[in-house]
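A.B. asks: The primary structure of each chain is shown beneath.
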Amino acid sequence: MGLLQEIIFGLVTGSYIAIAAIGFTLIYGIVNMINFAYGEYISIGAFIGFLAAHTLPGPLPVAVVVAMIGGGVVSIILARGFFTPINHTGPVPMLLTSIGLGIVLRNGLRLVGGRSARYFETETSTFQFDAIPDLPVGPVDLLGGFFVTSEQLVVVGSAVAVFASIHLLLTRTDVGIAMRAMGDDESLARVRGIDTQLIRDSVWVLAGVLAGLAGVLMAVQTNVSADTGFSHILQILSAAILGGAGSPYGAILGAYVIGLVLAVSTAFLPSSMTGLSSAVAFVILIAVLLIKPSGIAGTEVREA
Amino acid sequence: MPLDITERVDRRAFLTLAGSGGIAGLSGCIGFGGDEESSDGGDGSGSDGSDSDGGDSGDDAPDTIVFGQPGALSGSFDFLQPGVSQAADAAVRHINEAGGPLGAELELVRRDTAVDPQEARTVATQLVENDNAAAIVGLFSSEINPLWDYLQDLRTPIVTPWPGSTFLDTRGGDKGTPSDVSDDEWVWRTVVGDTVHTGGSAVYALEEGFETLGIINGNTEGERSYVDGFLSVYEQNGGTVAERVEVELGSSSYQSALSRLFDADFDAFLVSMPQESAITALSDWSDGGYGRQPILSDTLAQQAVIDQVGSDLHGAWVASPGRSGPSYDTFEDIYNEEGDAEINGWTPPSWDSVQVTALAIERAGSTDPEAIQKNLGPVSRGEGTTVSTFAEGKEALANGEEITYRGAATPTDFTEHGNVFGSVTISTAESGGFVETTEVAAEDVREYVAEGEY
Chain A
1 MGLLQEIIFG
11 LVTGSYIAIA
21 AIGFTLIYGI
31 VNMINFAYGE
41 YISIGAFIGF
51 LAAHTLPGPL
61 PVAVVVAMIG
71 GGVVSIILAR
81 GFFTPINHTG
91 PVPMLLTSIG
101 LGIVLRNGLR
111 LVGGRSARYF
121 ETETSTFQFD
131 AIPDLPVGPV
141 DLLGGFFVTS
151 EQLVVVGSAV
161 AVFASIHLLL
171 TRTDVGIAMR
181 AMGDDESLAR
191 VRGIDTQLIR
201 DSVWVLAGVL
211 AGLAGVLMAV
221 QTNVSADTGF
231 SHILQILSAA
241 ILGGAGSPYG
251 AILGAYVIGL
261 VLAVSTAFLP
271 SSMTGLSSAV
281 AFVILIAVLL
291 IKPSGIAGTE
301 VREA
Chain B
305 MPLDITERVD
315 RRAFLTLAGS
325 GGIAGLSGCI
335 GFGGDEESSD
345 GGDGSGSDGS
355 DSDGGDSGDD
365 APDTIVFGQP
375 GALSGSFDFL
385 QPGVSQAADA
395 AVRHINEAGG
405 PLGAELELVR
415 RDTAVDPQEA
425 RTVATQLVEN
435 DNAAAIVGLF
445 SSEINPLWDY
455 LQDLRTPIVT
465 PWPGSTFLDT
475 RGGDKGTPSD
485 VSDDEWVWRT
495 VVGDTVHTGG
505 SAVYALEEGF
515 ETLGIINGNT
525 EGERSYVDGF
535 LSVYEQNGGT
545 VAERVEVELG
555 SSSYQSALSR
565 LFDADFDAFL
575 VSMPQESAIT
585 ALSDWSDGGY
595 GRQPILSDTL
605 AQQAVIDQVG
615 SDLHGAWVAS
625 PGRSGPSYDT
635 FEDIYNEEGD
645 AEINGWTPPS
655 WDSVQVTALA
665 IERAGSTDPE
675 AIQKNLGPVS
685 RGEGTTVSTF
695 AEGKEALANG
705 EEITYRGAAT
715 PTDFTEHGNV
725 FGSVTISTAE
735 SGGFVETTEV
745 AAEDVREYVA
755 EGEY
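Chains as they are written, first to last, in the working numbering: chain A, 1 to 304; chain B, 305 to 758.
Just chain B, with the same shape it has in the complex (with noise of 0.2 Å):
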């Protein structure tokens, strides 16, 4: 090689730099995801209350309860955080001028995972060890799964708005005893599993008449079990699956993972991604000219993806957990006072797993996490009196009533494995947005989700 400029380099020398650098590089990017941010402050001193689970008086609350809040202030879901945040931030506000559990000041301390699963474990430890929060209300299906255990012997409720994975359908809860915490299950989740809305959305699939199916997907959790609960009713329906192609997220290019999937024939195509991988997967779609009935996760139900893919998107629709729960009203007015964060399918539930998680506290006249955990299941599914923020809660309990919070985004009514269920609704993607195109109502996707296997 006329040109080489290598002769006095040393090749040994040159893999041990790179490979040491890459992996100090690699550790560094990892530490580096820590961000942390407090709405309120978040000095907290929270958990001291008494073991209790229900009925005290709370002579002996704290000052100040902390609610932890893992989230994503950067990563591949950074876009849902502004609407998410927003909702909790509008829940302790409200919760605080109405008084307070327990007559303390409720705060919120919020920690940036970036939905990686091992920064989600320094941030859990560090809510509950450091910040003392009484409870969490957060963390993601790609961040609980592998978690698990840990989470299970940090002996914490975690009240979370975000993970629609199988993994829970059978995991979580109180198992139905409320009372007896060995057998309880320490994550709680105020959105519906995609067991729910990916039904929702086979079903509707299969009544336009899609019986064959492409399927592209991420190779994370959350993007792989979107696709199996799709499956789970798709193909027992009736429904087949021509090619299945899962690949890397964050690829400059998945034109040859498309060329893939569109060898094989079938009538429409699955797309489950995050949003950024997403759209330079649907511009690689659009520029292929391949064609074909799009249908999409719930989180690329947004504007962004639209403006970026063009018209070829027109059509397209989403299955999302439908926003229509019974106290949504109330809540849309206390949240748009809060500020000016755009709505998505994860906003209403981050509402209620705050409330959700007060009215617990109130009830068990404690911060201790196991009196919570008793009281999660009680406020929200019992025959007492109807509430739909903890305002109405606390003078109900206070006047010696039992209550059952009905959330804004669904009933809130938690199954013994800690799952909400509700309504599911199509949105098809037009030029000046999704639109709502239809709503595929809670008792018909029942019917495909059996009662105890969720």
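Just chain A, with the same shape it has in the complex (with noise of 0.2 Å):
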């Protein structure tokens, strides 16, 4: 296997962080809160995908749609519950109940869907290209044979899926344009009579669509328990810190970095060291930030 290969493997990795990346950051941008629960809503969506795979007739993708539709729910029942009373106490009494709701519904995951992981039951398709010339690369090689499986192929097709109809909504929506006005100036936006709750309310939903179909994505290649999410959210939480905090778009890149790290710095580690690359990918998030405190995407600070 060659370089390609492991690029492969990085694209597929940063896709269902970029998911999940772009629901996390447009909590912070708009409703201007960092939400740690957000891993937890991400295994709710597994769950919820999995209890679906296994009660309704169809094919998986009834499931996902499902677990998408249920993390839409459970996020804005959530987000009504427990951070709209509090919107107006700032950041870090939002923060704090994150945290505490996070911790609240891990465990409760554990104790209504039991302690021992379950698993998606799917056939998977693998796709071998052995045919490309190689190129040695150093101490890999650049291209050589490659795979891909289905489930790859899907995480990839639903990450372009996802990113267009982010796009779309940001631009060509009136809900997606009020998003981006809040974003910028929430009190601007309310003066020109924007609806900001509402607005607030259609983040919730659309960040817990967005982790329902991550959760599933991520349940689907490893497995459904209540560490589901809560394993993946330190690189979520990269991937749109190194995109530019609030910012969709780089989200998606910080994510893509963070794949791409994880996976061709296990080619060039030493082997005894190759669970090491996280770290990496962490020493290149700060290395970035140094550089460019904002991130790759996102907007200087302004000066007060």
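Don't take each hint at face value.
[Unchecked claim] A short list of chain A residues far from chain B (calculated; beta carbon distances all over 12 Å):
1) 77
2) 80
3) 82
4) 160
5) 191
[Unchecked claim] Now the stretches of chain B that chain A is said to cover, found in silico as 3 or more residues with beta-carbon under 8 Å:
6) 371–383
7) 537–550
8) 591–597
Everything labelled a hint here was simulated from the structure, so no lab data went into it.
Yeah, the Cβ is synthetic: ideal placement off N, Cα and C, and Gly gets one too.
With the hints as a guide, bring both chains together as one complex.
C.D. replies: Set out below in structure tokens:
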């Protein structure tokens, strides 16, 4: 296998991180809070999808749609129940509430869903490409043979569909334009007649829908457990920071950087240290922020 | 960026919040690992006996005696806990039906550590300080090794069915001098160590003609230890390692690591990971069509692994501690009356840990931890009457006889380092599950494990 194979692995990892990171960064950019419970939203989405796959007729995409709807519903209920009432108190109480809510949700999932991991039953096809001429580059080959699986294609395809949908939403719809206006200046948006509470609710629903999708995609790759989302929250947070907090396009970019670094660094690290690829990703995160503190696609901070 | 919605975002504030949130979140995560569960209530009042090392009549015996059981009620190894819990509960029931140690009622207080060292330290302290546990019948390698000094300071016997770590090969036990605790180390294990069953696995691999190996293992103590135990025999007997890749557990994909591993040329590959991560890695291996002979670590001999990975795994084999100790049949009958949890490689050792500790109390005539420590060796390795249950042992001791306990998992003949020795079972993955295909006799493995070094 060559470097091209590692890049494919990285694109797959970056894809499901990106889907989740968009939801995470929209909440930050528009609701102005860091939602540490977002990992649990992903886990809830995975559980809903798993439940749907085992109770409803139809193929896996039906379960995916149910997970997305369920994620959106859960997200708005939790927002209305826990975050909207304290929205006026500032970001720190919101942050602490999200941490507490995350812990409660995670342990609640363990209580309700059991402690053992569960698995989606999927049929995986593998597409092998062996005939690409090799081109050695340093310690690894640049091309060589590679493979992709049907699951990986679904993950990447889903991500592309999400990116296109988000772009159209933000550029072609009144709700999306209102979201951008609120993200830019909430007070001005309110003065211009935008129903800011409605937009907040819309963001919560959208973030929940994305969490539901990411949850099923992650769970199909690994398993369904109370920790499915929590185990990825640092990668999601990193993608959001790296890309530029609050910027959906930045989150996508950040997610792919994280995914590619995780995959490609494995090929270059000493074999006894391949488990440190996460550390390499965070070193790069820190390095980028030292050079460009606003993140890759972020806007420079305004001086007061 | 025309769509950037962050112009008002204060980056420094974001990073501050994110950092503090991360720390608080992780703290919360750690703090919530302490589920507790008591199989018997567990308000016990345990260790108030006198300091004695044997033969005491037990006139000052308490009404109840508590054993603490740290367990994997959650975490990566929780799938093994039901069998271990049921074996311990069955042992407690059997012991109480036989009159209990010193005539007291034995209680088991079980607490969750999630196989997290920090949580294990808290749980061990709670069991000893709050629950008055006379002994601890649990703890994993991943918990014992980092907490070693702390556990020695605790000065409470830990008789555990879990740890395979080679770290314990020359640590623990009474050093062959039961009456002198000054040279003791307070850990005993009733399961054979990794050196034994990985030794058996390595012997079998070489016999099968696999002379070059690839290895993928998790980055925790237990996973590393399994591989180190395997290699100590494998490489000494002519085997070579072409590539070894260590990975972070809990990842969503191991394809990059596998790609790296399978660039090397080898005959078979050894997988040492907990079940959930191993299923992800082996599914990735199957999807990638990498082929070659898989050799699995002992915790992976589970039906779920075959079900999730699929038929590509057929033919993979696992070397596990043998389950055929001298009193296995006796154990199995009592165990099956307790419930329907599946028996795994750590189930019979769990039974043995409770039985042998209760017998040590009976012989000591005391629940004092030091007295228990002094009697664990004498009730297991002596020349006395052979007993296979607490009931038989209690009767023999009442008759003034010395006893030697013969266990369900192994003969439970504690070495000077508090270890036991036994046979190794080779099981092969088939469509219906893992099927025992052969057994490497304890004597054959002993050839590769030096006396005094285990």
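A.B. asks: Check each numbered hint from earlier against the structure, then list the numbers of those it violates in ascending order.
C.D. replies: Violated hints: none; all satisfied.
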